[in-house]
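Trainee: Below are the chains, spelled out letter by letter.
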Amino acid sequence: MKGRTFFVLLAALVGALAIGALFILLAKSDPIRAYKVMLTGPFSSSFGFTETLVRTTPLLLTGLGIIISFRCGVLNIGGEGQILIGAIASAGVALAMPNLPGVVLFPLVLLAGALAGGLWGAIAGVLKARLNVNEILSTVMLNQIAAQLYLLLIRGILIDPQEVTYGTGVPQTALVTDVVWMTRLIPGSRLSTGFILAIVLAIAVYYLLMHTTIGYRLRAVGAGPQAARYAGINVPFYMALSMFLAGALAGLAGTVEVLGVHHRALEDISAGYGFSAIVAALFGRLHPIGIIPASMLFGALILGADMMQRAVSIPAAIVMVIQGFVILFVVASDVFIRRPELFGQWKSKWSRRSGEVS
Amino acid sequence: MSARIQKLEMRGIVKRFPGVLSNDHVNIEVSAGEVLALLGENGAGKTTLMNILYGLYQADAGEILINGEPVQIDSPRMAIDCGIGMVHQHFMLVPTLTVSENVALGLPSEKGALLDLEPVSRRIVEIGATYGVSVNPDAYVWQLSVGEQQRVEIIKALYRGADLLVMDEPTAVLTPQEAQDLIVLLRTMVAQGRSVIIISHKLHEVMAVSDRVVVLRDGKKAGEVATGDTNPEELARMMVGRDARPFSREARQFDGDCVLCVEELCVNNNMGTPALRGISLGVHPGEILGIAGVSGNGQKEFAEAISGLRTVESGKVLLSGQEITHCTPKQIIDKGLGFIPEDRLHVGTIPSFQIWENLLLKDHAEKPFARGVLLSEKTIRAHSEKLVADYGIKTPDLETQTGKLSGGNIQRLILAREITRQPKVLVAAYPTRGLDIGAAEYVHEMLVQASREGMGVILISEELDEVQKLSDRIAVFFDGRIMQVLPVAQADEKTLGLLMAGLTPDNQATAG
Ligand SMILES: Nc1ncnc2c1ncn2[C@@H]1O[C@H](COP(=O)(O)OP(=O)(O)OP(=O)(O)O)[C@@H](O)[C@H]1O
Ligand SMILES: [Mg+2]
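Chains H and G, in that order, give the protein sequences.
Numbering-wise, numbering that gives the first Met the number 0 puts 139 at position 140 of the first sequence, and it's gapless, one number per residue.
Numbering-wise, numbering that gives the first Met the number 0 puts 414 at position 415 of the second sequence, and it's gapless, one number per residue.
No lab work stands behind these hints, which were simulated from the structure alone.
The C-beta atom is built at its ideal place from N, Cα and C for all residues, glycine as well.
Treat the hints with care, as some may be off.
Output of the computed footprint for chain G on chain H, the stretches with three or more beta carbons under 8 Å from beta carbons of chain G [stated by the list, open to error]:
| id | region |
| --- | --- |
| 1 | 15 to 26 |
| 2 | 299 to 312 |
Not close to chain H: a few residues of chain G, all C-beta gaps over 12 Å, as computed [said to hold, decoys possible]:
| id | residue |
| --- | --- |
| 3 | R211 |
| 4 | T348 |
| 5 | P350 |
| 6 | E376 |
Restraint-style ranges between C-beta atoms, simulated for each label pair [unchecked claim]:
| id | chain 1 | residue 1 | chain 2 | residue 2 | range |
| --- | --- | --- | --- | --- | --- |
| 7 | G | T310 | H | F236 | 49 to 55 Å |
| 8 | G | E312 | H | M140 | 48 to 54 Å |
| 9 | G | D333 | H | S45 | 46 to 52 Å |
| 10 | G | V124 | H | F236 | 47 to 53 Å |
| 11 | G | G32 | H | F5 | 47 to 53 Å |
| 12 | G | Q321 | H | F5 | 40 to 46 Å |
| 13 | H | T182 | G | Q400 | 43 to 49 Å |
| 14 | H | L150 | G | V372 | 54 to 60 Å |
| 15 | G | G277 | H | M140 | 42 to 48 Å |
| 16 | H | F236 | G | D256 | 31 to 37 Å |
| 17 | H | R3 | G | V372 | 51 to 57 Å |
| 18 | G | C265 | H | F236 | 26 to 32 Å |
| 19 | G | P395 | H | F5 | 43 to 49 Å |
| 20 | G | L20 | H | R3 | 53 to 59 Å |
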């Protein structure tokens, strides 16, 4: 069973890359060389290795939130917005109180990021729970709002005063005080303790979902809302809670980008992590431990795509096309994992066909 | 016209699921012009066998022959092409489409890409006329009663050229009159050279409709008889492997305070129109109050209103003297109400949850099973193992998904959960629907046991003999009102039948 799941997912990946190859050909590049860079780049140097994990971290954190909300039956597409809100809130708090000692400011900044992301997520949660507003629509719209709000802040009141002084006007905040910087795990790399935080939280989410009453109820609401209501579970509350937790984890992803990677909030801080995390979460079978390798895989994939783009100069749009195909194939492969008997049908059809030929 | 399927055989069918041998070398055959009944306890493998025939599952071994020719059926599409039609217990209709749209769904149109419903409607009326059933092709499916929806399913199968119709527990959801009509329809079909395989737990229906009976037990064929040569008692014995236990319960008289009182209860249905128009009722501790009536006369809404799942428009519900009218389901559960809901698979349990998770649906946060927010796995496991053993839930292990259990075993699970919680009042809505004789007997024993322990039991059912056998008093629901509440001694079949049809025994229609 497990082996088959792995095989199906692998086949989905290969299929997606095969179609992607056509697009690379269209862009008049060499798909073999492109994929070689993409698939070996992330693993051929310590730079590739640490940068893979740098991308893994926000995918993992956001994906954990996606898992909680999906398991509770809420199709949360709002990771992207929640990341941005978390990033700007943590940067804002850190910039507002630069003179506080690190032991106070650091937890405060983490809390700010998580809380802001959580509340942002909870908007969609409450709208769904109370007014039955479709969460896919609301989270997508909240992403738009968050993106504009984020730009407004880093271009406006939170812009680095130096950018104004020198007239360069790059939309980014000033550097946050170094007492809140997350320690780099490997000197010279951008990999920080944020990665450890993500792994610890993955285990925590696993415990929450599988071994606590809260997790039990979140799962019950997702798997059988009518039965959950019948059993006395407050369904709207847990729907809203799932979105709060999802937002909080995505908010932390934004916070880690600020404190661990860039040390400031800047444009394009998320690079689509909120969407890729959904795929990583599905790839990890919506399991809080399963998503660890899944987000590493997608971290490597994103880094590989970046490297490929630079090495063989294909348009960034094609990289996104390839990622899109991966998503499509993974989602489609779900059918085969849920209904293993389809294999039998294929096999029998195949053997009959070859039987007819002979 | 002569049917394409003169004879269908399934030979040596084996189907294994993780932990169970669902079909073990089963042979059946059915010829044109014949109704074959498949009997067997819950989990005996009847549905599995039919799903194999319809191409939903692949057999691990064995073959299917039509008119002596082996055929390979690996999808419902191929089954349909071979002339096999199936009506599932849960209908596969789109409620927001009309009858003709539903029938045309998935079929190529005569006009290519353009939808042309005209000929479809005509054919539907033709087919209806052939079998003496009338269905309006332009009606929306959501407007139809359950019985009419089932007719649409049958017409859909016939429209696709089904010569062999498989019906999985078709009467479980029908009113007695609708069931009667269905039997007539099936007999007309076989008279025209088609064949039918029907699964049912109701022996009198099997006796009335079938020509031959095949009994499955634990996946094996336990026997085969011509219907004319047998009787319900023998069939029951073949199914269970023992005689049915004679059952009797002395009805008792109760006075004193009711543990649950309902006063002038008014409730709306899902469409917002009145479902209950002022119901007043009470049940005493230790009493079994039967609620009889054709389903759809407010029973479902009644049970939901009491358990807090449906808003009460006006009136009062009191449990042990405390008002619970507008309490949340959780508060009502805590005050001592147990509820065995009608839909055991989606309300009573969560199908994708494991057995132990469903056993604790209501108690996962209570004292010995949780410390703070942490689940105490050891206590939970011990408790679940005990319930599985005490209530005879047949399962490979505690981690099995509940949805994979047979209906009878799911009902045992719900009973185990609800009764061990020791509620003051237990509401059981259609608790034996779709259950085999043995499982139904078990449910009956458990309800009686619960009443002996002092619980007030409300038994909602459309099976008259069940209500008569178990209850102390019987209330008959009609159109959201109570026609009458009678002591069981006065509730003979005829009286109940009249009351259920909205007539008082002196044969006068009551004014609305
Ligand atoms: N998809 C499945 N996966 C695992 N086990 C299954 C599956 N379908 C059926 N089973 C098992 O196979 C056995 C036979 O089930 P089946 O549904 O055929 O019984 P049945 O005779 O139709 O019972 P009922 O009268 O309750 O409908 C049961 O033990 C059931 O748990
Ligand atoms: Mg069945």
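Trainee: So, for every hint listed, does it hold in this structure?
Mentor: Against the structure, the hints:
1. As drawn, the region 15 to 26 of chain H meets chain G at 0 residues by the rule of a beta-carbon pair under 8 Å; below three, the given contact is violated.
2. Counting residues of the region 299 to 312 of chain H whose beta-carbon sits less than 8 Å from any beta-carbon of chain G gives 0, not enough to reach three: the coverage restraint is violated.
3. With a minimum CB-CB distance of about 30 Å to chain H, R211 (chain G) clears the 12 Å threshold, and the non-interface call stands.
4. Its closest Cβ contact with chain H, about 6 Å, brings T348 (chain G) to no more than 12 Å, contrary to its assignment away from the interface.
5. At roughly 7 Å from the closest C-beta of chain H, the C-beta of P350 (chain G) falls inside 12 Å, breaking its exclusion from the interface.
6. The claim that E376 (chain G) is not at the interface with chain H is violated, since a C-beta of that chain comes within 12 Å of its own (minimum 7 Å).
7. Between T310 (chain G) and F236 (chain H) the beta carbon distance is about 18 Å. The supplied range of 49 to 55 Å is therefore violated.
8. At about 36 Å, the CB distance of E312 (chain G) to M140 (chain H) disagrees with the hint of 48 to 54 Å.
9. At roughly 59 Å, the beta-carbon separation of D333 (chain G) and S45 (chain H) lies outside the given 46 to 52 Å, and the hint is violated.
10. Taken as a hint, the range 47 to 53 Å holds for the pair V124 (chain G) and F236 (chain H), whose Cβ atoms sit roughly 52 Å apart.
11. The given range of 47 to 53 Å is respected by G32 (chain G) and F5 (chain H), whose C-beta atoms sit roughly 52 Å from each other.
12. For Q321 (chain G) paired with F5 (chain H), a C-beta distance near 56 Å fails the hint of 40 to 46 Å.
13. One distance hint, 43 to 49 Å for the beta-carbon pair T182 (chain H) and Q400 (chain G), holds here, with the actual separation near 45 Å.
14. For L150 (chain H) and V372 (chain G), the Cβ-Cβ distance of about 40 Å falls outside the hinted range of 54 to 60 Å, so the restraint is violated.
15. Taken as a hint, the range 42 to 48 Å holds for the pair G277 (chain G) and M140 (chain H), whose Cβ atoms sit roughly 46 Å apart.
16. Taking the beta carbon of each, F236 (chain H) and D256 (chain G) are about 36 Å apart, inside 31 to 37 Å as hinted.
17. With their beta carbons about 36 Å apart, R3 (chain H) and V372 (chain G) fall outside the hinted range of 51 to 57 Å.
18. A hinted range of 26 to 32 Å for the beta carbons of C265 (chain G) and F236 (chain H) is consistent with their spacing of about 28 Å.
19. Taken as a hint, the range 43 to 49 Å is violated for the pair P395 (chain G) and F5 (chain H), whose Cβ atoms sit roughly 25 Å apart.
20. For the pair L20 (chain G) and R3 (chain H), the supplied restraint of 53 to 59 Å is violated, since their beta-carbon distance comes to about 22 Å.
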